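Chemist: We have chain A; now place chain B onto it with these hints.
Residue numbers (the working numbering), protein chains in the order written: chain A, 418 to 533; chain B, 24 to 136.
Honestly, the hints are just simulated from the structure, not real lab data. Every value quoted in this text rests on a predicted model; they were computed, and no experiment measured them. Just to be clear, a hint being listed does not mean it is correct.
Straight-line C-alpha distance at most 30 Å; calculated BS3-like pairs for lysine-lysine [claimed, not checked]:
no., chain 1, residue 1, chain 2, residue 2
1, A, Lys437, A, Lys481
2, A, Lys458, B, Lys101
3, B, Lys93, B, Lys123
4, B, Lys101, B, Lys78
5, A, Lys481, A, Lys458
6, B, Lys123, A, Lys458
7, B, Lys96, B, Lys123
8, A, Lys472, B, Lys123
9, B, Lys96, A, Lys437
10, A, Lys458, A, Lys431
11, A, Lys458, B, Lys96
12, B, Lys123, A, Lys481
13, B, Lys123, A, Lys483
14, A, Lys458, B, Lys93
Simulated restraints, written as ranges between beta carbons of each label pair [to be verified]:
no., chain 1, residue 1, chain 2, residue 2, range
15, B, Gly108, A, His424, 24 to 32 Å
16, B, Gly108, A, Asn468, 32 to 40 Å
17, B, Met34, A, Thr497, 34 to 42 Å
18, B, Ser35, A, Lys472, 44 to 52 Å
A short list of chain A residues far from chain B (calculated; beta carbon distances all over 12 Å) [said to hold, decoys possible]:
no., residue
19, Val421
20, Ser426
21, Thr434
22, Ser435
23, Arg441
24, Asp444
25, Ser471
26, Lys483
27, Phe484
28, Thr499
29, Ser500
30, Glu504
31, Leu522
Even glycine gets a Cβ: it sits at the ideal position worked out from N, Cα and C.
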Amino acid sequence: GAVVSQHPSRVICKSGTSVKIECRSLDFQATTMFWYRQFPKQSLMLMATSNEGSKATYEQGVEKDKFLINHASLTLSTLTVTSAHPEDSSFYICSARTGSEPGELFFGEGSRLTVL
Amino acid sequence: AQTVTQSQPEMSVQEAETVTLSCTYDTSESDYYLFWYKQPPSRQMILVIRQEAYKQQNATENRFSVNFQKAAKSFSLKISDSQLGDAAMYFCAYGQGAQKLVFGQGTRLTINP
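The following block holds chain B by itself, in its conformation from the complex:
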């Protein structure tokens, strides 16, 4: 079974600085998707960024980018120019086709003004 591990329960960063959240996963499949979801205090899950495993190029969405290392099964999220609104729980997730998403334990990100 696929597993997703986020080894950082909590992280903090100064406003305007850069922070990287770690995620590793385990799978024997070659075709899959990886996601980072954000859950702010409202509890609404919001997609931050997605990566297709067959793509070598790292996904980027404005201030958010990933470092996808397929061989190492690593999928970290970098947030540049951190803003107060970035404070939330961040979940890394693994998905394959129409199957369920498997989530990591989450990382609580605090932004210090």
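Chain A with its partners taken away, still in its complex shape:
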């Protein structure tokens, strides 16, 4: 199957700082990537859809100025949590489609963010 790599897997930062998480499709080109957030023992909540070369589409209730998404190339999307606060601590997961398996998403390993 297709490989999606996410980095870093774990990050700890101080309140008020910004953190960038990278999502790469290693063996395919992804025109669209999806960013999910997962709270402990809960399901995946879609935050935004990242489109290569255009602005991301954010889900209702997600602050686009806090969660900046950039999809500058067909293999890389980044999520920047700006001015992070403890309530932003969570597990963030990116995913992408190859286009050859209709509907199916391939997921990165996820990034655990802890804001002190």
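Modeler: Same frame as chain A, now just chain B:
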């Protein structure tokens, strides 16, 4: 909007036995896809099985099979000969074309040795 419901927050089964996880969904569309994803303690989401809505035949992948009831909008997962490595969170998901996947709440499966 499409919704996916998993009514079993937790399930447990004896090793080597069979367990069925339930999933229902709501959609007005006729062409879509359904998935079961597994999330082990490593948190990496892994595809278990997929079903195209236009196919009447239930999908099967080794010990994993589904019971797809399109009219009832039901999509259950059966795991046969359960193994310790099957212990994980299982998420049912609905997808349509290039759109986002909608996930259910998840079912935590425990395998008792």
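Chemist: Decide, holds or violated, for the assertion that all CB atoms of chain B are farther than 12 Å from the CB of A:Asp444.
Modeler: About 16 Å separates A:Asp444 from the closest Cβ of chain B, which puts it past 12 Å; holds.
Chemist: Between B:Gly108 and A:Asn468, is the Cβ distance one that fits in 32 to 40 Å?
Modeler: holds, 37 Å
Chemist: Examine each Cβ of chain B, and state whether all of them lie more than 12 Å from the Cβ of A:Val421.
Modeler: Non-interface label fails for A:Val421: nearest chain B Cβ at 10 Å, not farther than 12 Å.
Chemist: Closest CB-CB distance from A:Ser471 to chain B, is it above 12 Å?
Modeler: holds, 14 Å
Chemist: Please work out if B:Lys96 and A:Lys437 have their alpha carbons no farther apart than 30 Å.
Modeler: Status violated; Cα separation ~40 Å.
Chemist: Is it the case that A:Ser426 keeps its Cβ farther than 12 Å from each residue Cβ in chain B?
Modeler: Label violated. Min Cβ-Cβ 9 Å, cutoff 12 Å.
Chemist: Does A:Lys483 clear chain B by more than 12 Å, comparing its Cβ with all Cβ atoms of that chain?
Modeler: holds, 20 Å
Chemist: Report holds if the minimum CB distance from A:Ser500 to chain B is greater than 12 Å, and violated otherwise.
Modeler: A:Ser500 is indeed farther than 12 Å from all Cβ atoms of chain B, at 26 Å.
Chemist: Compare the distance between the alpha carbons of B:Lys123 and A:Lys458 with 30 Å, and conclude whether the hinted pair is satisfied.
Modeler: The hint holds at about 21 Å.
Chemist: Would the least Cβ to Cβ distance between A:Leu522 and chain B come out above 12 Å?
Modeler: Not fine: 5 Å to the nearest Cβ puts A:Leu522 too close to chain B.
Chemist: Confirm or reject the statement that A:Arg441 sits farther than 12 Å, beta carbon to beta carbon, from all of chain B.
Modeler: holds, 15 Å
Chemist: Given a hint of 44 to 52 Å, does the C-beta separation of B:Ser35 and A:Lys472 actually sit inside it?
Modeler: holds, 45 Å
In summary, the numbered hints that this structure violates are 9, 19, 20 and 31.
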